[in-house]
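S.K.: Input sequences plus hints: build the corresponding full structure.
Chains A and B, in that order, give the protein sequences.
Read in order, the letters of the first sequence are residues -7 to 410 in this note's numbering.
Read in order, the letters of the second sequence are residues -7 to 410 in this note's numbering.
Given that identical chains are not distinguished, each listed pair holds provided it fits within a single copy or across any two copies.
Straight line, CA to CA, 27 angstroms or less: simulated DSS-like cross-link-like pairs of lysine-lysine:
id, residue 1, residue 2
1, Lys240, Lys24
2, Lys154, Lys256
3, Lys319, Lys(-3)
4, Lys15, Lys240
5, Lys359, Lys400
6, Lys398, Lys256
7, Lys398, Lys371
8, Lys15, Lys280
9, Lys(-3), Lys106
10, Lys(-3), Lys103
11, Lys265, Lys228
Everything labelled a hint here was simulated from the structure, so no lab data went into it.
2 protein chains.
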Amino acid sequence: MDAHKQLTIGLFGFGVVGEGLYKVLQQTPSLKATIKKVCIKDAAKKRNAPADLFTTDKNVLLNDEEINVIVEVIDDANAAFKIVSTALKNKKDVVSASKKMIAEHLTELLKLQKETGQSFLCEAAACASIPVIRNLEEYYDNDLLHSIKAIVNGSTNFILTKMFEEKLGFKEALLLAQQLGFAESNPKLDVEGYDAVNKWTFLLTHAYGIIESPENILFTGIQNINAGDANVAREKNYEIKLVAQAKKLNNGKVAAFVLPQFIKQDDHLAFVKNEYNGVVIESGFADKQFFYGKGAGSFPTASAVLSDIAALRYQYHYEYKKLYHHKPHQLDNDFYLRVYVSFDDLRHIPRENFEWIEEWHAGEQRKYLVGVLSFNQLKNNDWWRKHNNSLILLPDPVIENIEIKKLKKKSLELAGLI
Amino acid sequence: MDAHKQLTIGLFGFGVVGEGLYKVLQQTPSLKATIKKVCIKDAAKKRNAPADLFTTDKNVLLNDEEINVIVEVIDDANAAFKIVSTALKNKKDVVSASKKMIAEHLTELLKLQKETGQSFLCEAAACASIPVIRNLEEYYDNDLLHSIKAIVNGSTNFILTKMFEEKLGFKEALLLAQQLGFAESNPKLDVEGYDAVNKWTFLLTHAYGIIESPENILFTGIQNINAGDANVAREKNYEIKLVAQAKKLNNGKVAAFVLPQFIKQDDHLAFVKNEYNGVVIESGFADKQFFYGKGAGSFPTASAVLSDIAALRYQYHYEYKKLYHHKPHQLDNDFYLRVYVSFDDLRHIPRENFEWIEEWHAGEQRKYLVGVLSFNQLKNNDWWRKHNNSLILLPDPVIENIEIKKLKKKSLELAGLI
Chain A
-7 MDAHKQLTIG LFGFGVVGEG LYKVLQQTPS LKATIKKVCI KDAAKKRNAP ADLFTTDKNV
53 LLNDEEINVI VEVIDDANAA FKIVSTALKN KKDVVSASKK MIAEHLTELL KLQKETGQSF
113 LCEAAACASI PVIRNLEEYY DNDLLHSIKA IVNGSTNFIL TKMFEEKLGF KEALLLAQQL
173 GFAESNPKLD VEGYDAVNKW TFLLTHAYGI IESPENILFT GIQNINAGDA NVAREKNYEI
233 KLVAQAKKLN NGKVAAFVLP QFIKQDDHLA FVKNEYNGVV IESGFADKQF FYGKGAGSFP
293 TASAVLSDIA ALRYQYHYEY KKLYHHKPHQ LDNDFYLRVY VSFDDLRHIP RENFEWIEEW
353 HAGEQRKYLV GVLSFNQLKN NDWWRKHNNS LILLPDPVIE NIEIKKLKKK SLELAGLI
Chain B
-7 MDAHKQLTIG LFGFGVVGEG LYKVLQQTPS LKATIKKVCI KDAAKKRNAP ADLFTTDKNV
53 LLNDEEINVI VEVIDDANAA FKIVSTALKN KKDVVSASKK MIAEHLTELL KLQKETGQSF
113 LCEAAACASI PVIRNLEEYY DNDLLHSIKA IVNGSTNFIL TKMFEEKLGF KEALLLAQQL
173 GFAESNPKLD VEGYDAVNKW TFLLTHAYGI IESPENILFT GIQNINAGDA NVAREKNYEI
233 KLVAQAKKLN NGKVAAFVLP QFIKQDDHLA FVKNEYNGVV IESGFADKQF FYGKGAGSFP
293 TASAVLSDIA ALRYQYHYEY KKLYHHKPHQ LDNDFYLRVY VSFDDLRHIP RENFEWIEEW
353 HAGEQRKYLV GVLSFNQLKN NDWWRKHNNS LILLPDPVIE NIEIKKLKKK SLELAGLI
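M.R.: Okay, structure coming up:
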């Protein structure tokens, strides 16, 4: 019954993840996977492996017929896409950790998988050690998945934790994250939310069959969160997290965004500190399920790559059931969000854009408001980006279209305005 | 690309789980699964469904060629096995929630699956809403799974939580669990650890390819835990949980048991309160992963049944990779455990059986010791069951054979005995 296939791997990249993978595969012969050749950029750099393992010519790997798996753990999205697409066309299965590449080339990658019949696995690109893609793909049926919210970027979560718990400044916390190897080489990718929205792009495909480019998904990072916002959060007994969220609406479409959010102390995501990631899935009468694990760092990433390699021995491939076997869901902009906005100058806040305002502080020490905005307003009108206002969602931020009139009336009544 | 199959279900059992399932399938036509007939025991009982849906004759379901899936959510293990085995032989796929039946008939069920080629899915029997079987089966390769520890019984966890947090007495807490529907109809099954060890039996198969009958796995429940033990735990800043554990040893074999355990506040399992379940998986350089969700109650159970039904549309079946495609692991007794034992009368404690004793309290108020015992001693010598001593493992309880001499010497030196 020994059904599994011998894997001969061509590896692109020999940084911390690549080298870790090389060592583990050497120590685990039972995995029946060996690295035949490694393609690197810098031939001069000293490596902890025999010199004849390395080449700088990608075609040595891509044209080697004995190599049946390409593992790609490099940092350059364009180069990665060229490698991956050639590998698939050359009848090799692929394991990739390049979220940016996957998000930007989603349509092409789906097409290539269909045309070539090769397997393209990328668990390491999502939440590193947490098998979130696999569970969305295999376990949660379309009709059962009510919502998913997640902390998918370990680096920003590390920074926010340090700002909150050790009261470090933003820059100090970022530097620490970089020193510990949790941050992308370009910190902007993490801090401004690009990495999170890239991951969310293809997680939406596995969760709901949605194909959307990252620039069509509303997102921001934690670049504007400051000590004042952290103080407000503490007063209200909240934490601040960068949360990627998707929720099925009553109209059958899906609301999705990646924005900072106030998190209640008893929310599962409050448990997620430092470089960890967490995913909360709400599915058809199961209440909430919570997956938690290391979301950044070389070892957790390598572990996900390793699990994907192990799966290739059984010819595992994503079926993209939500996309191909169901009626795929569509994103919707027709809903409302409950938001906190801090400001320096009230004149920059277009109050008329709000459906209603629930809270208002404009003293010396603190200037913020809490109100309800239509998602379309927020997406198409970027006043809140221009003046470095912090925009933070309230817990349970989504208000459905059908609820808005009733809630507005109630709010205005409470305020004594009608 | 609509590859999935129309499911026509014969349902055994119309209690809270069965009825919930019936309602949800009615409301979700896109699942393409309909319940054709329901077999019940008591024909006289009033049901919230058309009378012609019901029968008391199991053969009406088992011999109906149109029915291609049997879902079995009944409480009687012997009856369940007869139903399941006949269904598989009659070329029907099966979804089952009967942990006792599965644990007691593991070998036969494996054989039946092999012979008939039918699918037998039982996620609901393990941790209800947490997809632990699926993840062990599909994601964690044999060589990557270092250890797994879990709270698999929601009822005992609920009782312990109430004893700890609200200082309820044991009986009061049990009654509350029963009222809320978290406890088995026979509370002994939960409280004395039978339910947990039953689940652990087949989880060991999915995790490590181990086939063992429940009576060969060392277990006990929480029946002897008393307020004094809870006080000691609080002093040491621990909680007490009933923990099912399996750990790969250096010799390649596996240590496995289900015993009460002191849990540190920062252990993932400390997060698991009330009727929730939690699973901590340690895998090849991924550090720890944590899965958390509702582990008892009708809705979480029904949700797992529903996910299994959804999977049958794609002809999903367990491959039992660890068993059939790898060299399966074996259980080992050749290791040591660090244990706390409370006692009324010191004369009932065979101190000579301990490798060494690290702590000792024999005052008026509290009588307990902490020491190291060989697993064989504990398993074959049941002095600790006879006198209702509480036996509770310390955190990280497993001491490997190769470490024992060094640790013993160190401990005796510390005590000034050598």
